[in-house]
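Engineer: Here's the letter readout for the chains.
Number of protein chains: 2
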Amino acid sequence: MAAPSKTNPSKARRSSDVAQWDLETDVAIVGFGGAGGCAAIEAADAGADVRIFELASASGGSTALSSAEIYMGGSGGTRVQKATGFEDDTEDMYQFMMACAGPQADAEKIRLYCERSVEHFNWLVDIGVPFKDSFHEERAIMCLTDDGLLYTGNEKAWPFSEQAKPCPRGHNLYIEGDNGGPLFMKIVTENVEKRERITVHYETRALTLIQNDAGEIEGIVIRENQKELNVRARKGVILCAGGFVMNREMVAKYAPKLTMGTEPIGNPGDTGSGIQMGMSVGGAAINMHEGFISLPFYPPASMTFGIAINDKGQRFINEDVYHGRLGDFVLRQPSERIYMILTVEQYGDYESVSYLGAPVAGTGDTVEELEQELGLRAGSLVHTLATYNEDCAAGQDSLFHKAPEWLQAIEPPLVALDLTPGRGAFVPHFTLGGLDTLPTGEVVNLQRETIPGLYAAGRTACGIVRRAEGYASGMSVGDATFSGRLAGLQAAKREA
Amino acid sequence: MAAPSKTNPSKARRSSDVAQWDLETDVAIVGFGGAGGCAAIEAADAGADVRIFELASASGGSTALSSAEIYMGGSGGTRVQKATGFEDDTEDMYQFMMACAGPQADAEKIRLYCERSVEHFNWLVDIGVPFKDSFHEERAIMCLTDDGLLYTGNEKAWPFSEQAKPCPRGHNLYIEGDNGGPLFMKIVTENVEKRERITVHYETRALTLIQNDAGEIEGIVIRENQKELNVRARKGVILCAGGFVMNREMVAKYAPKLTMGTEPIGNPGDTGSGIQMGMSVGGAAINMHEGFISLPFYPPASMTFGIAINDKGQRFINEDVYHGRLGDFVLRQPSERIYMILTVEQYGDYESVSYLGAPVAGTGDTVEELEQELGLRAGSLVHTLATYNEDCAAGQDSLFHKAPEWLQAIEPPLVALDLTPGRGAFVPHFTLGGLDTLPTGEVVNLQRETIPGLYAAGRTACGIVRRAEGYASGMSVGDATFSGRLAGLQAAKREA
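As you go down the protein sequences, you meet chains A and B in turn. When we follow my numbering, the leftmost residue of the first sequence carries the number 61, and every step to the right adds one. When we follow my numbering, the leftmost residue of the second sequence carries the number 61, and every step to the right adds one.
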């Protein structure tokens with residue numbers, strides 16, 4: 061690992077202060093995760109010389125740490141969707157993703173992502189990423205089989221189910237267990253290594269951008285083997301340096317809601333240095349307050365039969381949602397405690413298969429006993445369960461619209477899990493803010509004017525994913541790889 | 061009014077591009093509202109020559125549009141607090157304001173604000189701001205009498221009531237009706253005008269900062285009488301140009317929650333130009349996603365006896381909170397409709413005194429009838445009211461901790477008001493994000509290093525006020541005037 065630097069990524073170096081260029085390339089890429097790797101491949105294939113500067117001793121980034129599910133569909137369906145009997149309309153995918161991103165959606169980016177998603181699938185297959193033509197039926201946070209396709213978001217949950225025809229779009233690599241991320245980055249890395257136009261500099265820290273008086277980005281300062289080097293990038297610099305989840309000062313400043321009992325996940329390089337470099341030359345950082353928040357309450361899938369309640373004994377969500385949506389709603393609840401209430405049967409093999417690790421908060425042979433144990437107002441949970449069970453009998457969740465398949469009466473004996481962030485359950489988060497870019501990856505300022513020669517992709521940019529409440533697994537790696545490709549191509553095409 | 065400019069406030073001019081200085085001063089101030097006016101007075105009194113550049117044809121800014129309540133206390137109490145029998149401990153004020161600002165609190169700023177609040181009161185009195193030594197008992201959004209003191213926030217509402225000893229700190233100017241803002245700005249303006257060191261340029265637009273190669277701010281480009289002029293500011297530039305609530309593109313980008321059914325309030329100059337100028341030279345803009353959201357459900361105060369419910373018939377807040385806290389909680393509710401349920405008696409003279417203008421959504425001679433009329437699930441409101449009325453009889457709100465004085469059984473005949481933002485009720489918002497500054501008003505970058513010669517105050521800076529859920533009337537004008545003073549003094553002291 062390169063030594064930590066005192067050099068400030070938030071201050072660009074002026075070209076006039078560069079005494080000499082120590083290295084030259086067409087395209088300089090900061091970070092070798094999913095975004096940086098795909099950017100390099102596309103830029104090289106378009107004829108550009110590329111140098112990747114990676115802080116760590118190996119490629120990987122957060123993509124390698126992830127399950128590397130990839131969110132793809134539309135245009136009638138990917139090969140896997142079609143083979144497993146799903147026809148996916150681009151418009152459905154677009155409507156769904158727009159609803160996911162909410163008022164801060166970037167419609168242009170989402171449109172392009174949906175329209176080109178099948179092409180992206182084919183490109184991934186071409187570089188060697190394997191997908192099995194099989195569908196994983198079970199509700200899961202990640203697919204532990206080698207199945208190629210599963211539902212990974214809120215597609216089937218209200219209100220999304222009413223906004224677009226549900227279709228599974230989470231593509232899972234053809235490998236058993238939670239091993240998609242390492243396999244994916246192995247394939248990307250092999251593709252990078254076999255391209256002669258690409259040079260990878262590991263253990264190298266990108267310090268700051270170099271900008272000329274006209275505002276164009278001309279290169280980047282790096283530190284390699286204890287030496288600071290000025291790298292000229294004739295066509296541009298692509299920032300693929302991840303998010304800022306590991307920079308706790310930045311998180312406190314920009315995304316304070318992520319400091320409330322949840323834990324950061326990411327790789328140590330997610331220090332926000334890429335975002336800061338972009339900001340240093342006028343790039344607008346947007347959506348900085350938002351994060352992904354997960355409350356991974358399933359597996360087992362049977363947890364979905366339970367109900368989530370606040371400390372008033374009230375339900376507040378349809379529990380068949382994606383775990384990130386529950387996490388977001390939990391943070392928004394005016395409540396000091398959040399519980400999940402289940403029958404002993406629904407609790408099932410929770411202890412052996414759960415990622416959540418939420419402690420048991422109470423049990424009861426009667427509802428009244430559980431109320432008392434949880435310190436709930438007498439009658440509150442009694443009422444909530446009576447209403448819920450009545451709805452289950454009628455086959456319709458009158459209040460929160462949980463899908464009928466997940467409606468099952470909740471009768472004692474009961475178990476309550478404590479879902480409250482900060483009380484033992486694993487509630488991770490990562491950031492969703494970054495540099496504003498055009499769909500091409502060009503970094504823009506507040507007026508959406510481009511900064512010539514500067515690109516960003518993956519989590520350093522603010523892409524298609526904007527909110528926990530509308531997140532789906534596979535959207536991040538999908539966005540990172542797709543936006544990386546676009547940025548790589550755009551930079552390679554730029555007149556030097 | 062000056063003509064709109066195409067010049068981009070987000071791009072600073074380099075000193076080397078300045079052919080000549082057209083005007084010179086020690087301190088240049090952008091904006092003549094409460095912050096700019098107080099900054100000018102303090103800077104001039106410290107011996108600096110000052111020029112204020114104001115877009116409009118007169119002073120005022122958003123302060124003149126407001127009620128100009130000023131949030132002050134601590135140190136045993138202001139003259140008005142003491143005279144009306146309130147002893148106010150600095151630590152109580154500090155704890156309260158920290159709870160208000162939440163995880164994004166700037167502890168250092170709040171500490172200073174509380175410690176110097178009585179001094180600030182005395183300074184205001186010295187420049188001629190009149191306060192009557194009387195206490196206004198009634199719960200009110202603004203004081204329509206000339207009383208000098210009232211509760212203007214969540215001090216007496218749970219959970220704040222448990223976090224610090226409640227004390228009224230809203231200081232209201234000695235004038236009948238909602239006329240505090242114009243009076244306050246009249247006094248500030250007279251103080252400015254009588255100081256020979258201060259020159260005010262009305263109908264003058266600040267275009268962009270001027271920065272030298274060392275990063276120092278040397279001046280500002282303005283346009284006056286159709287001419288662009290370079291103004292040298294030997295000691296510094298203070299940005300007091302308001303927030304960005306009138307820049308709907310910026311609001312959509314940074315504070316998307318403010319686009320969800322609520323209406324902007326502010327003055328036309330709140331275009332974010334001051335914040336953009338600061339960002340253009342590396343100033344960090346923080347808390348940009350937050351806004352004040354008001355749901356002014358009282359007066360009449362009797363509305364506080366009502367209960368707010370969501371479309372599941374659930375309560376979600378103690379209704380004795382400040383109206384901004386209700387607004388925030390409403391936006392966080394997973395609900396398509398929000399209602400306030402009242403008896404006909406509690407509804408009282410709502411129609412003649414309300415600012416809210418929420419339409420009547422339904423009435424009922426029985427609870428069941430109202431449930432049906434509102435489209436609520438049968439039994440939902442019945443249960444909520446039964447619980448609430450039981451709590452009223454017991455004198456304790458077991459779920460939401462509304463103070464006993466506001467607990468009164470709600471029995472038919474009933475009225476329901478539709479509080480849903482976007483459905484007729486007046487639900488205004490303004491922004492709470494701005495440039496990060498030291499308590500002195502010095503603008504800082506992401507690393508909290510100062511940008512020499514640049515200051516910000518009022519809404520252009522991110523001050524003591526950070527969230528709707530912890531807002532109190534008087535905090536904005538309090539912050540604007542206090543932060544303006546500090547910035548003016550700091551700039552005046554700077555070695556030219």
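Any given hint could be a false lead.
Said to hold, decoys possible - Covered, in the sense of this in silico footprint (three residues per stretch, anywhere, with C-beta under 8 Å from a C-beta of chain B), are these stretches of chain A:
id	region
1	133-147
2	187-200
3	232-241
4	332-345
5	500-507
Quick caveat, the hints were computed from the structure, so don't treat them as lab data. Positions of the beta carbon are idealized from the N, C-alpha and C atoms, including for glycine.
Engineer: So, for every hint listed, does it hold in this structure?
Structural biologist: Outcome of the hint check:
With a cut-off of 8 Å between beta carbons, the region 133-147 of chain A has 0 residues touching chain B; three or more are needed, and the interface restraint is violated. Coverage of the region 187-200 of chain A by chain B is violated. Counting CB-CB distances below 8 Å, 0 residues qualify, and the rule asks for three or more. For the region 232-241 of chain A, the stated coverage by chain B is violated: 0 residues have a C-beta nearer than 8 Å to a C-beta of that chain, whereas at least 3 were required. Counting residues of the region 332-345 of chain A whose beta-carbon sits less than 8 Å from any beta-carbon of chain B gives 5, enough to reach three: the coverage restraint holds.
With 3 residues carrying a beta carbon less than 8 Å from a beta carbon of chain B, the region 500-507 of chain A meets the three-residue requirement, and the given coverage holds.
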